[in-house]
Amino acid sequence: MAFKKFVLVCGGEGCGSDLGTNLCDAFRREIRDRGADQDTQVVRTGCFGFCRKGPVVKILPDETLYVNVKPDDAAEIVFEHVLRGRPVTRLRYDQEESRRLTRLEGSAFYHKQFRIVLRNCGYIDPESIDDYIARDGYAALEKVLFEMKPQDVIAELRESGLRGRGGAGFPTWRKWVFTKEVPSDEKYIICNADEGDPGAYMDRSTLEGDPHSVLEAMAIAGRTVGARQGYIYIRAEYPLAIKRLEIAITQAREYGLLGRDILGSGFDFDIELRLGAGAFVCGEETALIASIEGKRGMPIPRPPFPAVRGLWGKPTVINNVETLANIPVIMLRGGKWFGSIGTATSKGTKVFALTGKVVNSGLIEVPMGTTLREIIFDIGGGIKGGKKFKAAQTGGPSGGLIPAAYLDTPIDYESLGALGSIMGSGGLIVMDEDDCIVDVNKFYLEFTVDESCGKCAPCRVGGRSMFNLLTKITKGQGTDEDVDQLRIIGHALQKASLCGLGQTAPNPVLSALRHFPEEYIAHIRDKKCPASKCLDLVTYYILPEKCIGCTLCARHCPVNCISGERRKIHVIDAARCIKCGECYRVCKFEAVSRG
Amino acid sequence: MIAERQESSEGLTIRPDDSGHSNAREKTEGTGSVGTEKLTPELTDFIIRWRDKPGNLIMVLHRIQETYRYIPRAIAFQVADLLRVPLARIYGVITFYHFFRLKRPGRHLISVCMGTACYLRGAEDLIQELETLLGTGLNTVTEDGEFSVEAVRCLGCCGLAPVLTVDGQVYGRMTKEHLADILAKYGGQSLSAK
Ligand SMILES: Cc1cc2nc3c(=O)[nH]c(=O)nc-3n(C[C@H](O)[C@H](O)[C@H](O)COP(=O)(O)O)c2cc1C
Ligand code: SF4
Ligand code: SF4
Ligand code: SF4
Ligand code: FES
Chain L
-19 MAFKKFVLVC GGEGCGSDLG TNLCDAFRRE IRDRGADQDT QVVRTGCFGF CRKGPVVKIL
41 PDETLYVNVK PDDAAEIVFE HVLRGRPVTR LRYDQEESRR LTRLEGSAFY HKQFRIVLRN
101 CGYIDPESID DYIARDGYAA LEKVLFEMKP QDVIAELRES GLRGRGGAGF PTWRKWVFTK
161 EVPSDEKYII CNADEGDPGA YMDRSTLEGD PHSVLEAMAI AGRTVGARQG YIYIRAEYPL
221 AIKRLEIAIT QAREYGLLGR DILGSGFDFD IELRLGAGAF VCGEETALIA SIEGKRGMPI
281 PRPPFPAVRG LWGKPTVINN VETLANIPVI MLRGGKWFGS IGTATSKGTK VFALTGKVVN
341 SGLIEVPMGT TLREIIFDIG GGIKGGKKFK AAQTGGPSGG LIPAAYLDTP IDYESLGALG
401 SIMGSGGLIV MDEDDCIVDV NKFYLEFTVD ESCGKCAPCR VGGRSMFNLL TKITKGQGTD
461 EDVDQLRIIG HALQKASLCG LGQTAPNPVL SALRHFPEEY IAHIRDKKCP ASKCLDLVTY
521 YILPEKCIGC TLCARHCPVN CISGERRKIH VIDAARCIKC GECYRVCKFE AVSRG
Chain W
37 MIAERQESSE GLTIRPDDSG HSNAREKTEG TGSVGTEKLT PELTDFIIRW RDKPGNLIMV
97 LHRIQETYRY IPRAIAFQVA DLLRVPLARI YGVITFYHFF RLKRPGRHLI SVCMGTACYL
157 RGAEDLIQEL ETLLGTGLNT VTEDGEFSVE AVRCLGCCGL APVLTVDGQV YGRMTKEHLA
217 DILAKYGGQS LSAK
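Protein chains in written order, with our numbering: chain L, -19 to 575; chain W, 37 to 230.
Next up, chain L with everything else stripped away, as it sits in the complex (with noise of 0.2 angstroms):
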């Protein structure tokens, strides 16, 4: 059956699941009813990244783009836009922006992003192989078995230049070539999917968008290093992704793409899921494996590494979801094509979580080398209510803050480690105004004290350490001593931890420190917070000159601490106020006031 139309509808879950499936019930239904779907087909494909306006819906062939859809609009775009070709206006997107930009590549949201890893994310349905086919699926494995020899893949992969997406940017070809040359019986291939940035949510786009990719490179890689067996490490908090991934392979499997002598070629290859159980340390490479191997997830002293002694003690190759997602159009369209697209250490795309006080936040792709200006400005739409820009964080826990005057960075490995961040995997929260820094750098402390596995003292007790100080210091009883303490014990951490938690759960305190060091002065010194987070340093009080006594904020109080009559001017109570900030939210004459 020929299809002229089609209707995509976004299912990723960060719709929520079943929105999407009702959407996707309610455009069928319609089509059905409308005798259309001969030509019209409705195909529930992966997110789109524009997660702020979902549910999102796009008609092909002239790629409408409709946003915030619910279930009661699909009778009139079905009936105005695929019947009559006439597109709804009070949905279609470039309506609010009053722009002429109809087009999903025109509109801003997209225009500076080029899609490799999200190629396929929104444009199939996931839950098809033949989907994933029809838009050169498989293609690249086909071509590594009959057309490539190992040392091929392992030259193409270098010369693209491609590095681990998973947060410390290893070249990939490297890490192959060391697992290819051990000798040994069994070899693994292992996906990290175990994305734990809080805050982050690329990897499971991918996998719930076009978790053939992922399968495709990962029996690349068994190909080229040697294995039979792969494993994809998945967090169970993703059961969408799960799902997908668990159709994918078992349709992987029928078509003979997967298993015993794949496409004839004499290679055998399989998967199989293991789920994470919410460790945050199980993300690193030999907690991960341990975590496989049914244990608790303690990381181990490297060397060995993984790529020599993996998985049950047998050469491993462990990339993240992202890097495997490249490889399959590397090996199509050549590492030359991929190496040219970047800056001169860091190669192709990297997709970011663009989240935090941004007006469009979603799922972001673009090149090596764009700055943050234009991915938070341009791709993101700047700062929500019109406030200010404080900070940008990247990396999650592991990570750094970078303050307005680095804005104009391009953004690569190197030029991130420079400002005391790192990469990450793709977590990029964007801060206002009405952040307080050191209360976000105590969230991201608090995190990674938590996840701790506990194994050696410098995490263990350092960190603890630190979160104590950071405690102190937004209770307004910090010194000056105590930034030295952060300082020091900071970069003992960073120095002497065993793994790479340790290693880089001081990096938001020590950048903070470096370029936010104002914030850490108004809390000690002045005993203030500047954003007004930390409770214990505001208080609440009304501006005499400015109250007209409408009563509005006494009525809100919840604890009942403003006094005053009707006209008169009002009162807080500072002893009994508990500083939830109502009345500063609802006076409309600015009378209420903090600080």
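Since the hints were derived computationally from the structure, they do not count as laboratory data.
Just so you know, not all the hints are guaranteed correct.
Stated by the list, open to error - Here are the in silico distance ranges between beta carbons for each label pair:
id	chain 1	residue 1	chain 2	residue 2	range
1	L	R9	W	L138	44 to 54 angstroms
2	W	H214	L	P130	51 to 61 angstroms
3	W	G71	L	G15	54 to 64 angstroms
Just so we're clear, the structure is a prediction, and the values are computed from it rather than from any experiment.
Using N, Cα and C, we set each Cβ at its ideal position, and we do this for glycine too.
Given chain L, put chain W with the ligands in place with the hints provided.
Then chain W with the ligands, alone, in the frame of chain L:
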């Protein structure tokens, strides 16, 4: 044999009215008893199928938690027997991973995301409001056994921050004002009326 197992597994399906049962269990646990749950035939089959695969323990525990919503002590004993591993190893693993629960959660489980994106957009306020509405804190069960609230790491829906889930259903762009209505949907009217 099989019939007997089925019977006991039926007794385990979590019903709205079995909150008293959970309290009783808590007490008996204190006195050293291990409870009376028996593995269902499906679970036994699953465990036997995985028995010879290396690294099976975590996958088995996932499957158990899927069925019971936590890992009952009696079941842990039976898993130890079937997999032929020491009980201490099983508890070592359960306690290492945040995902596994040792206590039965309320009938409806509310998971509030405390990932970075959600934190910056006010997830703490949601937890506080839930505490006020439900009269119980994090990781405890309401008196009637209906609700429990837990804080989780990123749910992977950061674009919709702040996010919470109730029994797996995602609610995004939450504000304090939405919470009473959501609880009401799950039978918490009396609470939201307060
Ligand atoms: C504490 C810690 C957490 C990590 N979490 C992840 C993760 O969630 N996902 C990931 O791909 N890599 C993570 N890594 C990096 C992995 O150890 C490993 O370097 C990576 O999976 C290698 O793949 P790549 O070379 O393709 O990047 C983490 C490392 C550390 C130290
Ligand atoms: S650095 Fe922390 S997480 Fe890593 S091994 Fe040491 S205690 Fe464990
Ligand atoms: S809401 Fe503002 S103006 Fe009205 S009584 Fe309160 S402080 Fe005064
Ligand atoms: S901050 Fe909250 S508790 Fe304090 S006066 Fe205002 S409304 Fe009342
Ligand atoms: S931080 Fe809450 S869903 Fe990611």
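Structure-based check of all given hints:
Checking the proposed 44 to 54 angstroms range against R9 (chain L) and L138 (chain W) shows it holds: the Cβ atoms sit about 45 angstroms from each other. Taking 51 to 61 angstroms as the suggested C-beta distance range, the pair H214 (chain W) and P130 (chain L) conforms, at roughly 55 angstroms. Remark: the range hint 54 to 64 angstroms for G71 (chain W) to G15 (chain L) is upheld by a beta-carbon distance near 59 angstroms.
When held up to the earlier numbered hints, the structure conflicts with none and fits them all.
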